[in-house]
Amino acid sequence: MKRHMTRTGGRSMRNPAVSCQRSAVSYQLTAGLARDVEERLTVLFRQSKVIGGLYRSMGQEGESVATAYALERTDAILPLIRNMGALMTMGVRPREIFLQYMAKARSNSRGRDLNIHIVHLPVAGAAEPVVVGPISMLGDSIPVAAGIAMGARMRGQNMVAMAWIGDGATSTGAFHEGLNFAAVQRIPLIVVAEDNKFAYSTPIAKQMNIARIDERAAAYGIPHEMVDGNDMLAVYDVTKRLVDRARFGGGAALIGVDTMRMQGHAQHDDARYVPKALLEEWAKKDPIARFRTHLLETGAATEQDIDEIDAMTKRFASDEAQLAEDDAMPDPSTVTRGVYAGDDFAQPQVEFVKSPFRS
Amino acid sequence: MAVITYLEAIRQALGEEMARDERVFILGEDVGAYGGAFKATEGLQERFGEARVVDTPISETAIVGSAIGASYMGMRPVCEIQFIDFIACCFDMLTNFAATSRYRNGAGVSIVVRGPCGGGVGGGPFHSVNPEAFFLNTPGLKMVEPSTAYDAKGLLKAAIRDDDPVLYFEHKFLYRRIKDEVPEEDYVVPLGKAAIRREGSDLSIITFGAMTHTAMDAAATLSDAGVEAEVLDLRSLAPLDREAILTTVSKTSRALVLYEATRTGGIGGELAAILAEDAFEYLDAPVMRVASVDTPVPYSPPLEAAFLPNADKVVAAAQKLVEY
Ligand SMILES: Cc1ncc(C[n+]2csc(CCOP(=O)(O)OP(=O)(O)O)c2C)c(N)n1
Ligand SMILES: [Mg+2]
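Residue numbers (numbering that gives the first Met the number 0), protein chains in the order written: chain A, 0 to 358; chain B, 0 to 323.
Don't read these hints as lab results, they were simulated from the structure.
Only true hints are included.
Only part of the chain A face toward chain B is listed, based on derived beta-carbon distances under 8 Å:
1. 144
2. 146
3. 180
4. 183
5. 339
All values derive from a computational prediction rather than experimental measurement.
For each residue, glycine too, the CB sits at the ideal point set by N, CA and C.
Based on the sequences and whatever the hints tell you, model everything.
Listed below in structure tokens is the structure:
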């Protein structure tokens with residue numbers, strides 16, 4: 000398994016090319032922002048301001064950020080509930096997430112759909128990513144991602160699509176159909192399969208009879224690699240190589256990430272089925288704490304730098320949450336609007352921040 | 000004007016739309032060099048290349064799912080489902096993904112999913128189904144089913160140009176049996192518009208697809224007995240042409256709803272409900288349904304004949320209706 004840092008952070012950096020100091024700090028910033036946004040959401044959830052469930056990616060922010068980091072700004076992402084990090088990396092404005100979770104009128108779905116179920120199809124020439132949030136039916140994003148990359152290729156765009164999928168969802172037919180189709184058509188699709196040890200309460204051993212999740216791809220004759228998902232530099236390194244390969248005609252690939260879901264499936268779930276020892280072991284490998292150690296040990300940043308970054312992301316998350324909170328709920332008279340084409344019901348565009356994380 | 004088959008009309012519509020708009024492409028099983036199980040795509044790969052006539056694995060979910068993705072990127076995919084029965088394998092993609100996309104995020108899905116439906120050819124339980132009722136309860140989808148070559152071509156062109164997901168059911172019994180005149184020049188048959196196939200004053204037979212021909216046969220027999228039936232061919236099943244439905248029934252005051260799918264929970268129930276709600280004061284008799292019996296589609300010819308509606312069953316029901 001690909002691993003750059005020692006298990007708890009530290010010195011075994013092997014690839015200086017991917018860790019220039021500026022970008023190294025921005026990994027920290029982006030993963031931290033993802034966590035801070037979710038922390039704010041948790042507060043809002045406890046205040047009953049989040050409608051329905053809240054899903055956290057605690058412990059997985061690193062892999063989510065570092066995989067998306069390997070994309071170009073105009074590539075396509077198909078994130079899942081555990082991919083707040085990818086959304087932040089592509090520059091989706093946090094307010095968008097808060098608006099969605101609070102089912103507000105100005106949310107991307109205008110209060111019709113949940114959490115990160117947002118869609119952004121940029122106008123031609125815009126330096127923005129394609130974002131296609133999931134529907135709840137796990138696995139469905141994979142064939143759709145294949146179609147996005149195939150469609151872009153037909154239109155002469157040099158685009159890579161990246162889709163994330165949980166260990167549990169790799170058992171769906173849609174996952175296998177989509178990956179196989181992408182493989183035979185040599186579609187530039189990168190699938191990030193997240194082994195976070197559980198699918199709701201079901202351990203991975205009940206999900207697949209193979210030792211490593213990336214072996215799911217073996218039957219499709221595409222490259223697949225396993226990586227330590229809590230080591231952002233290693234994740235980036237593996238992903239970048241496969242993204243570049245896909246972009247230049249090499250076709251689909253799958254990256255298996257070894258990580259851990261550190262909270263319950265959603266906030267209602269106390270996850271007592273997860274062995275304590277497992278959580279303790281993974282707590283030591285927290286991707287953000289680990290990267291902090293790495294930054295300090297390599298001299299890429301000082302304690303003070305990192306504290307400043309932390310304060311900045313926390314403030315940003317809470318300001319964005321406030322903006323969304325102040326927004327109106329949808330007008331019930333809009334309920335029938337926009338089912339079919341020809342209805343001019345306005346569609347809010349996803350707003351992007353000029354990402355501080357990328358040049 | 001040239002006289003062509005229903006199948007040739009479909010093939011022409013595909014070829015003309017691909018020539019007209021480079022965003023249109025086809026994907027499905029055996030659609031390439033082989034030309035499709037019924038030859039609906041014959042010659043198209045040779046003409047437009049492998050990139051635009053894509054042979055897929057046997058993966059209906061990937062066919063429709065990737066079509067959705069490609070449509071997000073501005074393409075106009077036409078999916079062929081080899082037999083429409085297999086649409087059950089991509090039911091999730093259609094009802095959960097495609098149908099909701101515009102409502103959820105304003106992301107329109109401009110795809111057509113077409114394939115051969117219907118019985119009468121000894122296809123058995125898995126090659127004969129009429130699936131419209133599976134989808135009728137799903138807002139966001141459109142559905143059409145032509146009964147003539149003219150409509151087969153015009154509806155398919157309209158479906159391809161439409162910005163919403165359209166299910167296009169082509170009745171396999173009609174492929175080579177039905178021939179009619181089709182203009183040389185470009186035309187479309189608009190979605191959501193029914194057509195009167197025969198005028199009459201004593202009752203309305205509301206139907207579509209292959210059953211339109213059954214209705215016409217029955218109407219001829221009824222006419223010999225002095226009963227004049229009006230035949231309304233719906234052409235579009237979603238959206239339904241409510242105006243045409245209410246107009247014919249307000250004229251005849253009697254309605255017989257004829258559909259080839261099984262009776263219970265079928266489109267006929269919806270048509271009857273529309274008439275009960277909006278044409279009650281015009282009705283002189285209860286709305287009657289003639290449909291297939293409530294079993295899986297049986298294989299053996301005598302069983303299938305007993306299962307399907309036919310002109311005799313329609314005549315018998317119509318006579319009861321006018322005598323009511
Ligand atoms: C097709 C489908 N079946 C069931 C569910 C209900 N469900 C939602 S999340 C989940 C567990 C997903 O586990 P995994 O794919 O490992 O992702 P993780 O939550 O661990 O990130 C289940 C069963 C669903 N959303 N979709
Ligand atoms: Mg999991």
